[in-house]
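Peer 1: From just these sequences and the hints, can you work out the full model?
There are 2 protein chains.
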Amino acid sequence: MMNASRQNIPVTAADRVLQEMQRAIVEGDIAPGSKISEPELAKRFDLSRAPLREALARLERCHLIERIPNAGARVVKLSTAGLLSLYQLREELEGLACRLAATQMTDAEIAEMQALLDQHLSTQRVREGESYYQEAGDLDFHYRIILGSKNPYLINILTDELYHLMRMYRVQLGMNGPRVSRAFDEHKAIINAIANRDGELADLLMRRHVAASRRNIEPTLLEREQTGN
Amino acid sequence: MMNASRQNIPVTAADRVLQEMQRAIVEGDIAPGSKISEPELAKRFDLSRAPLREALARLERCHLIERIPNAGARVVKLSTAGLLSLYQLREELEGLACRLAATQMTDAEIAEMQALLDQHLSTQRVREGESYYQEAGDLDFHYRIILGSKNPYLINILTDELYHLMRMYRVQLGMNGPRVSRAFDEHKAIINAIANRDGELADLLMRRHVAASRRNIEPTLLEREQTGN
DNA sequence: CTTAGACGGATTGTCGACAATCTTGTTTTT
DNA sequence: AAAAACAAGATTGTCGACAATCCGTCTAAG
Chain A
288 MMNASRQNIP VTAADRVLQE MQRAIVEGDI APGSKISEPE LAKRFDLSRA PLREALARLE
348 RCHLIERIPN AGARVVKLST AGLLSLYQLR EELEGLACRL AATQMTDAEI AEMQALLDQH
408 LSTQRVREGE SYYQEAGDLD FHYRIILGSK NPYLINILTD ELYHLMRMYR VQLGMNGPRV
468 SRAFDEHKAI INAIANRDGE LADLLMRRHV AASRRNIEPT LLEREQTGN
Chain B
288 MMNASRQNIP VTAADRVLQE MQRAIVEGDI APGSKISEPE LAKRFDLSRA PLREALARLE
348 RCHLIERIPN AGARVVKLST AGLLSLYQLR EELEGLACRL AATQMTDAEI AEMQALLDQH
408 LSTQRVREGE SYYQEAGDLD FHYRIILGSK NPYLINILTD ELYHLMRMYR VQLGMNGPRV
468 SRAFDEHKAI INAIANRDGE LADLLMRRHV AASRRNIEPT LLEREQTGN
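Those protein sequence lines, which keep their order, are chains A and B. Residues 288 to 516, numbered by the working numbering, are exactly what the first sequence covers, in order. Residues 288 to 516, numbered by the working numbering, are exactly what the second sequence covers, in order.
Source of the hints: derived by calculation from the structure; they are not laboratory data. Please read all numbers here as calculations on a predicted model, not as lab measurements. Positions of the beta carbon are idealized from the N, C-alpha and C atoms, including for glycine. Each hint should be verified, as a subset may be incorrect.
[Claimed, not checked] Only part of the chain B face toward chain A is listed, based on derived beta-carbon distances under 7 Å:
hint, residue
1, V298
2, A300
3, R303
4, Q306
5, E314
6, L334
7, S335
8, A344
9, P356
10, L370
11, S372
12, N438
13, Y440
14, L441
[Stated by the list, open to error] Derived DSBU-like pairs: lysine-lysine, alpha-carbon spacing no greater than 35 Å straight-line:
hint, chain 1, residue 1, chain 2, residue 2
15, A, K322, B, K437
16, B, K437, A, K437
17, A, K330, A, K364
Peer 2: Here you go:
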């Protein structure tokens, strides 16, 4: 019904440019607020402006750049208001995803997630503090629940349109705090609620989980704001 | 922060093609499921394929067409599953919009909406049965509340990405039922809750309002499905 | 008879160049 | 001196043509 895969194998040149620019913007390789020059980027990626503009259109779609007709595109700037708006939406949507997943996920999918969580937990205990694995595990957890909702529009919004922007906030604000161990317990509680087919509880727990994640990076942004970026 | 205006004045050729194709698809002028031929459309609109492809990219963004790399685009097909998924999301998002609007809208904005509702109510009584005015009034009501949330991402999703698809379902399934008068009462109750700054109640009422709207077109789609479109 | 492979036609993806528009710095006018 | 008008430069939007890929059909082998 719809392209819902997060990691699409790049088949076209525009796909490759899109992926590389997503990475570059999310990781701050291209500074927030900086202007995007089409001729410059075309030269840098060694291709024509046609596929580049296709990539820019998709970057706009996931809110990483902002375009103005006849005036060009700029990389998005992080802001407290933006973070708040983004997480307001994310709490609501991931909560909904949990509620739907509680009735839509198959027993097999649930069992697989529980097994994966236990596996992640053990590797996390071994490599304490390695936030990379935590990061990947966390993303995979949320990703599977979102897919479990079986709602294509919801999946599209969360995995294609808001996902990269959320990563941008987390990466640029250095989300590697002491939540590593607590997040696992919260994940476990959520998947248990889904296994019990308790959508209401799963919804509630996920909203709290997302809210906790927001509160974890909020102070960083606030202090950054006071120092004038 | 973001382009959040629903009726953007078309400044570029791609904008004009986009608007015309949105209308054509929503109103069924181009049959659901039919293939989109770029050369054919370019000839029909008398322009090159470059702005046409830009328009197609945006049509995909609002879920009116589906593209497959190197294989072309097809107009989206209506389905019961799609309608259900769409309204699941809409209930959640418009409910959230209400909750936010209850704290974010200014007194002036609320007063203006109340005045507009009374005005619509009187004209509706005069032109009983004219569903066009009801349609426009209903859209305007929802549109203003969505804007009132002041959340740019929420606004973008509802007014740019899901709006046209919702219209497509309503138009093609002939949403002109006997809900005309009841909708006004529900609108009135919602705006009153917002005026009282009662976000929880406004949220609840809006979810019910959207659910009622869904139940109004659901049977039409079901019977259509049985007769094999 | 079924299935694998190749060929032809059409469609999509990409390219380089031109035209329209905006930005910036200067000049002119009030 | 401040504001408006103008001009140069650069950037975006659009065009027509070429290259790469896919779809359907036919042929040929098992």
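Peer 1: Need the list of violated hint numbers for this structure, in ascending order.
Peer 2: 2, 3, 4, 5, 6, 7 and 10
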